[in-house]
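**Student:** Chain by chain, the residues run as shown.
2 protein chains.
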Amino acid sequence: MKINVVESVLKANDAVAQTNRRRMDETGILTINIMSAPGSGKTTLLERTIPALGTDTRCAVLVGDLQTTRDAERLGGVAAQVTQINTGKGCHLSATQVADGLDSLDLNKVDYLFIENVGNMVCPAAVNLGEHLRVVLLSVPEGEDKVAKYPTLFQPADAILLTKIDLSTVLEHNKTKVYEDISRVNSRATLIECSPRTGAGMQDWYDWLQRQRPERAGD
Amino acid sequence: MKINVVESVLKANDAVAQTNRRRMDETGILTINIMSAPGSGKTTLLERTIPALGTDTRCAVLVGDLQTTRDAERLGGVAAQVTQINTGKGCHLSATQVADGLDSLDLNKVDYLFIENVGNMVCPAAVNLGEHLRVVLLSVPEGEDKVAKYPTLFQPADAILLTKIDLSTVLEHNKTKVYEDISRVNSRATLIECSPRTGAGMQDWYDWLQRQRPERAGD
Numbered sequence: 197m198k199i200n201v202v203e204s205v206l207k208a209n210d211a212v213a214q215t216n217r218r219r220m221d222e223t224g225i226l227t228i229n230i231m232s233a234p235g236s237g238k239t240t241l242l243e244r245t246i247p248a249l250g251t252d253t254r255c256a257v258l259v260g261d262l263q264t265t266r267d268a269e270r271l272g273g274v275a276a277q278v279t280q281i282n283t284g285k286g287c288h289l290s291a292t293q294v295a296d297g298l299d300s301l302d303l304n305k306v307d308y309l310f311i312e313n314v315g316n317m318v319c320p321a322a323v324n325l326g327e328h329l330r331v332v333l334l335s336v337p338e339g340e341d342k343v344a345k346y347p348t349l350f351q352p353a354d355a356i357l358l359t360k361i362d363l364s365t366v367l368e369h370n371k372t373k374v375y376e377d378i379s380r381v382n383s384r385a386t387l388i389e390c391s392p393r394t395g396a397g398m399q400d401w402y403d404w405l406q407r408q409r410p411e412r413a414g415d
Numbered sequence: 197m198k199i200n201v202v203e204s205v206l207k208a209n210d211a212v213a214q215t216n217r218r219r220m221d222e223t224g225i226l227t228i229n230i231m232s233a234p235g236s237g238k239t240t241l242l243e244r245t246i247p248a249l250g251t252d253t254r255c256a257v258l259v260g261d262l263q264t265t266r267d268a269e270r271l272g273g274v275a276a277q278v279t280q281i282n283t284g285k286g287c288h289l290s291a292t293q294v295a296d297g298l299d300s301l302d303l304n305k306v307d308y309l310f311i312e313n314v315g316n317m318v319c320p321a322a323v324n325l326g327e328h329l330r331v332v333l334l335s336v337p338e339g340e341d342k343v344a345k346y347p348t349l350f351q352p353a354d355a356i357l358l359t360k361i362d363l364s365t366v367l368e369h370n371k372t373k374v375y376e377d378i379s380r381v382n383s384r385a386t387l388i389e390c391s392p393r394t395g396a397g398m399q400d401w402y403d404w405l406q407r408q409r410p411e412r413a414g415d
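Those sequence lines, one after another, are chains U and F.
For any residue, its number in the working numbering is found by taking its place in the first sequence, counting from 1, and adding 196.
For any residue, its number in the working numbering is found by taking its place in the second sequence, counting from 1, and adding 196.
Fair warning: there could be bad hints in the mix.
Pairs involving identical chains hold if they fit within one copy or between any two copies, as the list cannot separate such chains.
Unchecked claim - Calculated cross-link-like contacts (lysine to any residue; reagent style SDA-like; alpha-carbon spacing at most 20 Å): (1) K373 to R266; (2) K373 to G284; (3) K371 to T251; (4) K285 to N324; (5) K373 to T240; (6) K371 to T264; (7) K285 to R380; (8) K285 to A322; (9) K207 to W404; (10) K371 to R266; (11) K285 to V205; (12) K207 to L249; (13) K285 to P352; (14) K207 to Q280.
These are calculated hints, taken from the structure and not from any lab test.
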């Protein structure tokens with residue numbers, strides 16, 4: 197068994213992704229595909245981010261998991277619109293699943309659409325969902341070697357968030373090693389150190405998010 | 197794109213896995229397939245475990261990663277025989293890759309063969325490598341919801357290690373929630389709390405490993 201990167205399957209996916217993108221653009225939505233290993237803090241990040249963007253900013257979330265609706269339940273308290281997508285045995289979201297997710301939302305009432313992908317450092321990277329931006333989380337407890345081991349996840353990232361930064365000291369984490377590996381695979385991404393739990397560095401992330409919106413206004 | 201659980205592919209894999217198992221049994225090797233998300237501490241666990249088993253216990257490691265030989269380099273210092281298997285874009289090891297790995301080892305000089313699978317909570321669970329035992333790591337920083345979200349990984353585990361247990365207090369981790377979910381999907385597995393970094397609980401893990409060997413002697 198290999199990851200099924202059958203070209204025809206990916207081509208069919210890309211066609212749906214393009215339709216998704218058109219729907220997002222027509223309604224002025226900025227869509228961010230958030231990817232990471234399981235447990236890097238994607239849901240906690242969104243729990244903190246959506247209230248911080250303010251009541252004038254309308255946020256929706258599509259959240260992918262193999263099973264359970266736990267993340268949707270957590271995010272239902274902060275986002276106006278949340279849809280859980282269960283992938284069963286699928287290790288990533290597909291463009292078709294996102295298309296169904298878009299059908300479930302009132303797109304005229306969305307400024308930011310966050311897609312929380314399935315926790316996985318391999319599969320989601322290969323699959324275009326129609327998103328405008330890709331954000332990858334890497335948490336300090338995962339260690340210093342993950343960028344070198346999973347370069348395909350980090351290569352297309354627009355922003356890379358080093359999360360759980362509050363654990364750096366206790367874990368004697370060497371972020372210089374991480375940054376060296378990132379510079380080799382992606383010199384373009386914005387790097388943000390933060391801890392959704394303590395709030396450290398979160399303003400940098402909010403600022404980055406808000407800087408992406410004006411560029412969308414002209415679409 | 198879905199995980200490619202095409203039945204014929206898995207059947208072909210299983211045939212190779214059976215051959216692997218026969219080779220292990222013929223040479224009296226106990227093989228343990230270690231699985232977890234990226235960064236749960238598989239390599240660190242082995243770095244501590246192999247020296248602790250004593251010089252009379254001969255250990256070999258097959259270690260799977262998409263790219264790099266970093267884990268093999270780390271383990272080369274502690275294990276007599278280590279082979280790195282690079283899977284490219286593959287999110288798990290296959291029985292054929294393990295067969296090639298077995299070819300690279302002197303099987304007559306191995307008591308324990310540890311297979312460190314690719315860091316992934318989805319793909320490796322579906323693929324039999326011929327191993328005798330499955331050990332799954334779940335680290336405290338990954339949070340309380342991973343057993344419910346990724347049940348297929350935890351269902352066939354013979355032992356489940358709750359790692360980085362030293363971070364429980366700072367992260368306000370609720371292990372009761374984790375154990376409730378485990379009891380729903382797998383009431384059979386031995387549960388061990390440990391921290392390879394601090395040494396806490398590691399003796400329980402070594403004892404478990406050593407209890408598995410006598411049962412193999414009769415094969």
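**Student:** Is the C-alpha distance from K371 to T264 at most 20 Å within one copy, between copies, in both cases, or in neither?
**Tutor:** Answer is between; shortest inter-copy Cα gap is 19 Å, intra-copy 34 Å.
**Student:** Is it within a copy, between copies, both, or neither that the alpha carbon of K285 lies no farther than 20 Å from that of V205?
**Tutor:** both (17 Å within a copy, 16 Å between copies)
**Student:** Reference check for the pair K371 and R266, CA-CA at most 20 Å: within, between, both, or neither?
**Tutor:** Close across copies (17 Å), not inside one copy (31 Å); limit 20 Å.
**Student:** Could you figure out if K373 and T240 sit no more than 20 Å apart (CA to CA) within one copy, between two copies, both or neither?
**Tutor:** The answer is between: 17 Å across copies meets 20 Å, while 25 Å in one copy does not.
**Student:** Give the relationship of K371 and T251 under a CA distance limit of 20 Å: within one copy only, between copies only, both, or neither.
**Tutor:** Classified as neither; 35 Å inside a copy, 35 Å across copies.
**Student:** Checking K373 and R266: alpha-carbon separation at most 20 Å within a copy, between copies, both or neither?
**Tutor:** between (34 Å within a copy, 13 Å between copies)
**Student:** I want to check one pair: K285 and A322. Are their C-alpha atoms no more than 20 Å apart within a copy, between two copies, both, or neither?
**Tutor:** Both, since 17 Å and 10 Å are each at most 20 Å.
**Student:** Please work out whether the CA atoms of K207 and Q280 approach to 20 Å or closer within one copy, between two copies, in both situations, or in neither?
**Tutor:** neither (25 Å within a copy, 33 Å between copies)
**Student:** Is the C-alpha distance from K373 to G284 at most 20 Å within one copy, between copies, in both cases, or in neither?
**Tutor:** neither (36 Å within a copy, 22 Å between copies)
**Student:** Reference check for the pair K285 and P352, CA-CA at most 20 Å: within, between, both, or neither?
**Tutor:** between (25 Å within a copy, 15 Å between copies)
**Student:** Given identical chains, is K207 near L249, meaning Cα to Cα at most 20 Å, within a copy, between copies, both, or neither?
**Tutor:** Answer is neither; intra-copy 35 Å and inter-copy 51 Å both fail.
**Student:** Given a CA cutoff of 20 Å, do K285 and N324 count as a within-copy pair, a between-copy pair, both, or neither?
**Tutor:** both (19 Å within a copy, 16 Å between copies)
Hints 2, 3, 9, 12, 14 from the list above are not met by this structure, while the remaining hints are.
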